[in-house]
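Undergrad: Note that numbering that gives the first Met the number 0 numbers the sequence shown so that position 53 is 52, with each residue one more than the last.
By construction, these hints were calculated from the structure, which means they are not laboratory data. These numbers come from a predicted model, not from an experiment. If a hint is listed, it holds; no wrong ones were tucked in.
Calculated pairs, DSS-like style, for lysine-lysine (alpha carbon to alpha carbon, straight line, at most 25 Å):
| # | residue 1 | residue 2 |
| --- | --- | --- |
| 1 | Lys305 | Lys339 |
| 2 | Lys350 | Lys339 |
| 3 | Lys350 | Lys378 |
| 4 | Lys350 | Lys276 |
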Amino acid sequence: MAGIAVDHPNTVLHDTPGQSIRVERAIPRSKDLAGRLWHRISLRRQILTAFLLVNLAAGIVAAIVVIYDARQAAQEEITASMHLAGRLVREAVGRSSADNGGIALFRDLGLELGHLRHVRILFADGNGSLAPLLPAETVGAAADDKAGVPDWFTALINVGDIRREMKIVLNGHQIGSVVMIGHAADEIAEVWRDTKHLAIIALTLNAAVLAILYIALGRVLHPLTKLAAGLRELEQGQFQHRLAQPRVRELADISDRFNALASRLGAANADNIRLTKRLISVQDDERRQIATELHDEIGPCLFGMKANVASLEQLAGELPDATADRLRDRVATLTEITEKIQILNRRLLGKIRPMALGHVPLADIISGVVADFERFNPKVRITLAVGRLADSYGDSVDLTVYRCLQEGITNAERHGEATMIAVDLTERPYNTEDGGGSQASPVLRLSIRDDGHGVTPGVSWGLGLTGMDERVRALGGMLTLTSQPGAGTCLDISIPIDELSRIPDGRKGQRRSRQ
Numbered sequence: 000m001a002g003i004a005v006d007h008p009n010t011v012l013h014d015t016p017g018q019s020i021r022v023e024r025a026i027p028r029s030k031d032l033a034g035r036l037w038h039r040i041s042l043r044r045q046i047l048t049a050f051l052l053v054n055l056a057a058g059i060v061a062a063i064v065v066i067y068d069a070r071q072a073a074q075e076e077i078t079a080s081m082h083l084a085g086r087l088v089r090e091a092v093g094r095s096s097a098d099n100g101g102i103a104l105f106r107d108l109g110l111e112l113g114h115l116r117h118v119r120i121l122f123a124d125g126n127g128s129l130a131p132l133l134p135a136e137t138v139g140a141a142a143d144d145k146a147g148v149p150d151w152f153t154a155l156i157n158v159g160d161i162r163r164e165m166k167i168v169l170n171g172h173q174i175g176s177v178v179m180i181g182h183a184a185d186e187i188a189e190v191w192r193d194t195k196h197l198a199i200i201a202l203t204l205n206a207a208v209l210a211i212l213y214i215a216l217g218r219v220l221h222p223l224t225k226l227a228a229g230l231r232e233l234e235q236g237q238f239q240h241r242l243a244q245p246r247v248r249e250l251a252d253i254s255d256r257f258n259a260l261a262s263r264l265g266a267a268n269a270d271n272i273r274l275t276k277r278l279i280s281v282q283d284d285e286r287r288q289i290a291t292e293l294h295d296e297i298g299p300c301l302f303g304m305k306a307n308v309a310s311l312e313q314l315a316g317e318l319p320d321a322t323a324d325r326l327r328d329r330v331a332t333l334t335e336i337t338e339k340i341q342i343l344n345r346r347l348l349g350k351i352r353p354m355a356l357g358h359v360p361l362a363d364i365i366s367g368v369v370a371d372f373e374r375f376n377p378k379v380r381i382t383l384a385v386g387r388l389a390d391s392y393g394d395s396v397d398l399t400v401y402r403c404l405q406e407g408i409t410n411a412e413r414h415g416e417a418t419m420i421a422v423d424l425t426e427r428p429y430n431t432e433d434g435g436g437s438q439a440s441p442v443l444r445l446s447i448r449d450d451g452h453g454v455t456p457g458v459s460w461g462l463g464l465t466g467m468d469e470r471v472r473a474l475g476g477m478l479t480l481t482s483q484p485g486a487g488t489c490l491d492i493s494i495p496i497d498e499l500s501r502i503p504d505g506r507k508g509q510r511r512s513r514q
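Could you build all of it, start to finish, from the sequences and the hints given here?
TA: In structure tokens:
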């Protein structure tokens with residue numbers, strides 16, 4: 000396989016025999032993954048994490064500087080102490096005389112060198128045996144200091160001992176040697192104590208700063224959380240939602256713009272609802288007029304046609320047989336056409352506006368619709384539960400419930416291919432979806448559930464659902480459609496009830512069901 004270099008650093012072209020050139024782009028997946036993980040956490044955690052990372056980096060740099068300075072300081076201290084110890088030894092030897100002997104010399108050395116730090120003084124006799132000259136308590140203190148320092152910290156300082164030996168000669172005779180060993184145990188112990196105290200102070204301060212930042216960021220970012228919640232309320236159509244005025248000037252300006260936007264959207268939505276309600280009212284009035292004309296005008300005309308056709312059939316008996324047979328054939332054709340027109344007229348009346356609306360209780364109209372669907376499609380089992388209902392809620396509400404029921408059952412049978420549909424219609428005292436309480440109005444609730452295929456996520460609504468939603472929203476109600484593929488669909492419709500247009504039902508409290 001031959002590789003062809005190109006200008007893009009992440010692109011490689013591979014040419015294989017008998018195949019076209021294939022382009023492979025190396026994607027830095029780890030970087031993308033880190034970016035996705037970073038953007039998934041909240042802004043407060045991002046800021047706190049960045050603060051911790053900066054402090055961690057600063058702590059690492061500070062530790063490196065402290066260790067480097069401690070190493071240099073320990074080296075300089077040991078060198079200076081060794082130089083001072085050597086000078087004191089030479090001065091003590093120079094003051095000594097043969098008469099005093101070695102005992103006085105070693106006593107003087109012990110007294111003069113006892114205060115030195117970082118140096119251990121040993122005496123070596125002619126046989127090579129070593130004995131300490133410094134007081135025992137000084138050596139013990141150095142050992143205690145070394146015992147309190149962790150081995151890893153001592154290894155980081157990494158300052159080795161320095162050994163120096165000076166021969167002691169009195170009156171031309173060597174009486175022994177003084178061995179000076181420079182060690183940094185006590186210096187490392189001091190650095191460790193200082194570093195430990197500084198680390199405790201730094202950790203305490205950082206914890207306090209983190210706590211302050213956490214609280215401060217929470218107070219500063221809380222209005223943003225409220226803003227996100229407010230936007231969700233606007234998305235759900237709750238245009239009356241308003242944000243409280245935050246104390247931060249920049250966020251207060253955002254809150255003012257949000258409230259102004261909500262007011263404008265609420266006003267526009269109210270105008271749209273009024274316009275839609277007016278259009279629906281005009282449409283319903285036109286449908287009612289057309290239905291009235293179909294019933295009052297075409298109905299009598301069809302009845303007159305059937306009466307005249309019957310009279311023609313009677314007149315055929317007075318004609319010759321050949322002419323009478325041809326006339327009877329024409330009469331049969333006219334009768335068939337008239338009956339088809341009557342059936343079509345009744346069907347149009349049902350589609351345009353059921354004549355029973357306003358004359359028959361709403362529960363009986365809904366039962367009739369369910370019965371019609373069961374008759375046309377007996378394979379689908381429809382259950383109907385009617386709760387507390389008035390006889391009528393006005394033409395607009397009654398017709399909206401009628402149309403929604405028709406469209407919901409039709410969609411369940413045609414698109415969902417459901418085998419079982421459950422319809423529930425009832426009046427509830429308060430609209431629990433809007434929070435309930437004394438300020439909520441009674442609501443008429445229609446629920447249609449089926450066991451069909453469900454609605455594929457992301458699919459836009461058709462004209463039927465869109466029309467239903469417009470009618471329901473024009474009445475101040477809400478239409479929700481919940482579905483999962485293969486788990487059926489649930490259509491819920493809630494319509495606020497106007498008490499003035501409500502016609503009471505003498506059968507209150509009675510619950511009827513149809514299965």
